[in-house]
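**Student:** So the sequence lines, in the order shown, correspond to chains A and Y. First residue of the first sequence? That's 1 in the working numbering, and the numbers climb one at a time after it. First residue of the second sequence? That's 1001 in the working numbering, and the numbers climb one at a time after it.
Incorrect hints may appear among the rest.
[Unchecked claim] SDA-like cross-link-like pairs, simulated, lysine to any residue; straight-line CA separation at most 25 Å:
#1 A:Lys-278 - A:Gln-239
#2 Y:Lys-1012 - A:Arg-42
#3 Y:Lys-1037 - A:Asp-190
#4 A:Lys-166 - Y:Thr-1038
#5 A:Lys-39 - Y:Lys-1066
#6 Y:Lys-1031 - A:Ile-235
#7 Y:Lys-1031 - A:Glu-309
#8 Y:Lys-1037 - A:His-184
#9 A:Lys-192 - Y:Lys-1037
#10 Y:Lys-1037 - A:Lys-278
#11 Y:Lys-1037 - A:Asn-41
#12 Y:Lys-1031 - A:Gly-60
#13 Y:Lys-1012 - A:Glu-309
#14 Y:Lys-1066 - A:Arg-42
No lab work stands behind these hints: they were computed from the structure. It should be emphasised that the depicted structure is a prediction, and the values quoted were computed from it without experimental measurement.
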Amino acid sequence: MRERPSTETPFPRPVDLSAGRRPTPPGCPAAQVNPLEFKINRIHDYATSADIKAALVRSGRPLALGVTETNSAFYFPCTAAYSCPGNGKPIVNCPNDPVYKDYSSCFTDGKSMVSMKGEWFVKANGAPMGQAGGHAINIVGYNDFHRDEWGNTGGFILRNTWKDGKAGHGLMAVGSHSWKFFAHMVDEDDEKYSCPNPANPRSWTECADLEACKHDIDGDVLEGPPKTYRELMCINTGQIKYLKSPCDDKTSYWLKNRTDWGSEGLFVSCFVTEAGGKAGDVCLPPLTLDDLATIFFPVDNTKDGKEIENDMMQCGFNFISCASLACLDPFPHTNPHTSCCAPQIHNPRHSQHPSGRGDGDALRHRVDQNLVPLQG
Amino acid sequence: MTATLFDIEWTKTSYLSKANRSKFNYSLVEKSTFTLKTPHEHEPMHFDPTDFEIQRSGHWGALTRKKA
């Protein structure tokens, strides 16, 4: 977080609604029929992680956070497997990671900064980040010990409004967890009772061969999860346009294994297959885990006759590490620790307000969104 | 980037009854003020090794509770 001190400011233009309804904020017709009206008396801005934590504890209330959404660039080797060259993606030099040593060039593809595990991340690999808009979320807690998939330890638990599923909110697929999961009060196995995340490839169980894959392990393990995802079907949504025919709908798939490919967040995933009574194997070229959610989905996603999905009254929580939050700082010059990635960010709203706050309308809009937390 | 805490004050109109404010939509408020669920917490479980047996099937062996 940047070094600029936290501030406490009387709201410059109190929203007095006693004289009538205020104008409907753009894109927020719900405000016109919202029976709750309020005045903002004071705004407290907290700029450092320590101050945010102290405010959470002291107030017992959520803090609003306007996040600049970015796309992080992932490097893929430029090969025919990705229809490269000619797939429309920018050709660049490959990173120094040894896994790229046999490739003369790479292309980059921007992926969402929110993984299906519900973790917001910013890749500090020096590649340009594209701004993908903004989003208002609530900080509802923190955990100094949670380590995200990118190795960042410590950060904030967020309440989001997005509905989980195969796709939505401009993301290729969406997932989340309970707050207790990010607070380390529930482990991964028990979390499957609360937030099964069927679309999330992290929820799919690996099996070694067709015999093992067809063995029903549901109920084998004492007090096991309510559902174990094994057999997958091809749903190829075509969102990864450079990947042609990664699967076909006449074949059954089971995840065999997934192996790290370099340190860029890519994995080689291999599958046991069965088509026309014949067993086989197939491996996809390196992809992100979330990419797989656009290609496969569990065949049987029901339990007791009901479709399994995350209950957003229990799930819907995200996590952002302090390191990733710092990388989104629009004023990197004030904090040398954020120079890894922040210079590529351009946020017009913040750049017009060197104080770090947006204008009053933007702030009010954030309040409105917070009043209806389940509306995307 | 800053996290923001708002000190707000509900106006008196917010305290009017539903009947007096029929043109407003309370469903969003009701939806947003549900008490969130928290993950199920299991009762403490006492482990007795004589209650369990290894079941084998193909490549798999699993510790399962003996059927009563």
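**Student:** Does each hint fit the structure? Answer for all of them.
**Tutor:** Consistency of the hints with the structure:
{"no.": "1", "hint": "A:Lys-278 - A:Gln-239", "verdict": "violated, 29 Å"}
{"no.": "2", "hint": "Y:Lys-1012 - A:Arg-42", "verdict": "holds, 19 Å"}
{"no.": "3", "hint": "Y:Lys-1037 - A:Asp-190", "verdict": "holds, 15 Å"}
{"no.": "4", "hint": "A:Lys-166 - Y:Thr-1038", "verdict": "holds, 24 Å"}
{"no.": "5", "hint": "A:Lys-39 - Y:Lys-1066", "verdict": "violated, 63 Å"}
{"no.": "6", "hint": "Y:Lys-1031 - A:Ile-235", "verdict": "violated, 33 Å"}
{"no.": "7", "hint": "Y:Lys-1031 - A:Glu-309", "verdict": "holds, 19 Å"}
{"no.": "8", "hint": "Y:Lys-1037 - A:His-184", "verdict": "holds, 17 Å"}
{"no.": "9", "hint": "A:Lys-192 - Y:Lys-1037", "verdict": "holds, 15 Å"}
{"no.": "10", "hint": "Y:Lys-1037 - A:Lys-278", "verdict": "violated, 45 Å"}
{"no.": "11", "hint": "Y:Lys-1037 - A:Asn-41", "verdict": "violated, 31 Å"}
{"no.": "12", "hint": "Y:Lys-1031 - A:Gly-60", "verdict": "holds, 21 Å"}
{"no.": "13", "hint": "Y:Lys-1012 - A:Glu-309", "verdict": "violated, 40 Å"}
{"no.": "14", "hint": "Y:Lys-1066 - A:Arg-42", "verdict": "violated, 62 Å"}
Of the numbered hints given earlier, the model fails hints 1, 5, 6, 10, 11, 13, 14; all others are met.
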